[in-house]
Amino acid sequence: MSYGARDVTVRFGSMTALDSVTVEVEPGAVVAVVGGDGAGKSTLLRAVVGEVRVDSGTISAPGPSSIGYLPAGAGSWGGLTVTQNLDFAGGVYGLVGERLADRREALLHRAALEDARDRPASQLSGGMRRKLGFTMAAAHEPPLLVLDEPSTGVDPVSRMELWRLVTEAAASGAAVLLSTTYLDEAERAAHLVVLDQGRVLVEGDVDAVLASLPGTVVEVGTPTRLERSWRRGRVRHEYVPDGDATAGATVRPDLEDVVIALSIAGREGAL
Amino acid sequence: MKAMILKEFRELRRDRRTVAMLVVMPLLLLVIFGYAANFYVSSVKAAVVGPQAAQLAEQLPPYFDVTEVAPGSDEAGAEQLLQDNQVDVAFVTGTDPVLALVDGSNLFAAQSIVASLNKLGDQVSVQILYNPELTTSWVMVPAIIGLILTFIGTIITSIGLVREREAGTLEQLAVMPIRPSAVILGKITPYFILASIDMVIITVLGMLLFDVPFNGSPWVFALGAAIFLFVVLGLGVFISTVSQTTGQAIQLAFLMLLPQILLSGMIFPLDAMAAGVRWIGYLLPLTYFTMISQGVMLRGASFESLALPFAVLSVMAVVVFLGATLRFRRDLAPGRRAARRRAPAGTEA
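In order, the protein sequences belong to chains A and B. Going by our numbering, the residue at position 130 of the first sequence is 130; the numbering climbs one at a time, nothing skipped. Going by our numbering, the residue at position 115 of the second sequence is 115; the numbering climbs one at a time, nothing skipped.
Calculated directly from the structure, the hints in this document are not laboratory data. Since we're looking at a predicted model, the values are computed, not measured. The beta carbon of each residue, even a glycine, is placed where N, CA and C say it ideally should be. Heads up, some of the hints might be wrong.
Covered stretches of chain A, as calculated for chain B (at least 3 residues, CB under 8 Å) [stated by the list, open to error]:
| hint | region |
| --- | --- |
| 1 | 73 to 79 |
| 2 | 183 to 196 |
Simulated restraints, written as ranges between beta carbons of each label pair [as the list claims (entries may be wrong)]:
| hint | chain 1 | residue 1 | chain 2 | residue 2 | range |
| --- | --- | --- | --- | --- | --- |
| 3 | B | 1 | A | 63 | 38 to 46 Å |
| 4 | B | 258 | A | 38 | 36 to 44 Å |
| 5 | A | 269 | B | 23 | 45 to 53 Å |
| 6 | A | 80 | B | 185 | 16 to 24 Å |
| 7 | B | 21 | A | 152 | 47 to 55 Å |
| 8 | B | 245 | A | 97 | 35 to 43 Å |
| 9 | A | 143 | B | 25 | 50 to 58 Å |
| 10 | A | 88 | B | 67 | 54 to 62 Å |
| 11 | B | 3 | A | 88 | 44 to 52 Å |
| 12 | B | 23 | A | 219 | 56 to 64 Å |
Whenever a hint applies, use it, and build me the whole structure from the sequences.
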């Protein structure tokens, strides 16, 4: 049983936010939706959980009691303590008494939030708050976990801890659909969906996405086409659609290079 | 500085609500203070009872709008008419001098009536009922109870809901397996309880500090307050559905609160307002709650005599609350409900 969206189109007025987008996630797998700001990542995730009405296409998702959702916002109630937030989320999903207490303690331990249990969520660091949001979404061990940019604005250590929680959830059988702007962490997902301007540019595992780029990426001192170049550390990379390696030294593009180059190619109508 | 001014104008151009408020507020205040800010009551409703009722009714100046002439009735009947708020003054003939019973709960009309009757000297004996000293606080406290309920119901509730929207937690609630009606009821029940506690505190304090009487049934009062609370909570929910930020919610709530303060009869008597603005007062829920609270507390009015304000408030409660909750439901997880409508029974989409 897979979950996701098939040929989904979402329009906000005259703007098409998603254009015939298909994404599927199997139980036990992590699917990462990547793309820049405004690519349609959040809209896709919100459509899957039923927060956005789709204009056409099909959403395949379990009922609300079987979905765990972490929105792009805080994901927890600032005025409640960590424990109170978890108790609320667990209570909503039908966890009561000893079962709720056991689950709460297990989640607090796994998310390393035990020492912060009595702190209001509003007083947590960004990383701790996202971890709390994740534990609330996962409190009822849902078959489908939808996480909207769970690690955005989170320090590297907390990101690592969050990903450990995500992979643990997938290992226990949950289908995890998440969005991220961090391509290094997206590489950990079994399947990637690259979105740009509401369209799927390419999808597949990391190797498939890396291999999907038409043309080459070269390292240049001075870019020949500024709009096709981007800075990587101390050097600039440039996308060469026709694969002309004379423009610079060919580099083996990583996921970030490929996603940027695919976005450029997509906007130039080459995809 | 030029850049700052330009930036401010550009922001204002997009903030249509603030611009509307800048235009509407002065107009509203001008109209209200121009037409409604009037303490002088030019005409009062009067009843004349007793054996010489018909003759006296003929002799009364036009200031007294005689709506009831009952030769067969007596002082008790006259009091009943006042208690039921059918008239502002009742003349009882058959005694010498004629007895004029004045409804003190209608403060400005009563002051005007007393001033008018004092000119008649010994011909009329004046007796003020329900508020013998014509104390302002006796009339204001029951109205202020309604104002406090309006404040909590409209402003606090809308802020509470909009804050969820701003924090993104409303989106989270929408995805959780909670029915939209449960979200709404769960959100407003605490405010309902807090407003009820506030109401009791204000009522008791008003009685202790200002000696305001409570002559009627607490149950009738509580029922009126409960229905009124549903109206104002509904307004709060409605405001939250049309506001994206706390600031917008406060702005709109005050825009709704101001006419209630000025046009509900709480400060300026409805009878003294120009007909053009008086009808606005009759569209406001606080007008009817004030009728109930003043009626029950001061006149000891029965449920039957307050049937009209109860009926109007009930209709308002149903319309406003249902309308607001339907709007709120529409905002919650529209995709999920659309999918449910499309999905065959027994499947999850």
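Any hints this thing doesn't respect? Which numbers, in order?
-> Numbers 2, 3 and 7, in rising order.
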